[in-house]
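Make the full structure from the sequences, and use the hints.
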Amino acid sequence: MSTSPRSRLATLRGQDLRALHAGGSVPSLDELSGSIDGAVLNGSLGRPLVRDLRPWRGKLFEPDDHGTVTGFNRLGVGPLEVKRFRFTARVAKSLFSDRDVVFLDHDNANNPGYIRRFHDELVAIDEGLYLATSHYRDGERLRYLCHFALAKAAAK
1312 MSTSPRSRLA TLRGQDLRAL HAGGSVPSLD ELSGSIDGAV LNGSLGRPLV RDLRPWRGKL
1372 FEPDDHGTVT GFNRLGVGPL EVKRFRFTAR VAKSLFSDRD VVFLDHDNAN NPGYIRRFHD
1432 ELVAIDEGLY LATSHYRDGE RLRYLCHFAL AKAAAK
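This note's numbering numbers the first residue of the sequence shown as 1312 and each following residue consecutively.
Hints are computed from structural coordinates only; laboratory data are not their basis.
A hint or two may mislead.
Derived CB-CB ranges, DEER-like [claimed, not checked]: (1) D1409 / V1388: 21 to 29 Å; (2) R1454 / D1376: 33 to 41 Å; (3) K1404 / G1424: 22 to 30 Å; (4) A1330 / E1438: 14 to 22 Å; (5) S1405 / T1379: 16 to 24 Å; (6) G1387 / S1344: 17 to 25 Å; (7) H1377 / D1411: 16 to 24 Å; (8) G1387 / D1409: 34 to 42 Å.
Using N, Cα and C, we set each Cβ at its ideal position, and we do this for glycine too.
This is the structure in structure tokens:
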């Protein structure tokens, strides 16, 4: 039996997300493959109305034969889902602490300018469970937006 990604994500609500993120470890890029369900946990994008609509559903990771991992955000309404806004995942030094994280780089020429400003730092907090901070570049500053999580189904 497995625990669904949605129930794994729900367990994170109300927890100390900063502490969880600080205690996380850098996942191997090999772990990040395929469609992974996601949820915005706090911030303006995590408010109940927006959260219940679930316009952002997670990410699709696409590793290649050369060790590069790219992907798309999964967006949808009701049963309709589209993949938009390409990113590249790479291990990098966090801009907020002296440790490695997986940086989800949205600065892709095909993305609109407002999407290219996102700065997401992802860590693993359990097997198949990832927590990220999302910041938005405003000039020289990075403004905190939210924490979001990604979860794969877990074996029980």
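So, going through the hints one by one against the coordinates:
no.: 1; hint: D1409 / V1388: 21 to 29 Å; verdict: violated (41 Å)
no.: 2; hint: R1454 / D1376: 33 to 41 Å; verdict: holds (37 Å)
no.: 3; hint: K1404 / G1424: 22 to 30 Å; verdict: holds (25 Å)
no.: 4; hint: A1330 / E1438: 14 to 22 Å; verdict: holds (19 Å)
no.: 5; hint: S1405 / T1379: 16 to 24 Å; verdict: holds (21 Å)
no.: 6; hint: G1387 / S1344: 17 to 25 Å; verdict: holds (21 Å)
no.: 7; hint: H1377 / D1411: 16 to 24 Å; verdict: holds (20 Å)
no.: 8; hint: G1387 / D1409: 34 to 42 Å; verdict: holds (37 Å)
Consistency with the previously given hints fails for number 1 only.
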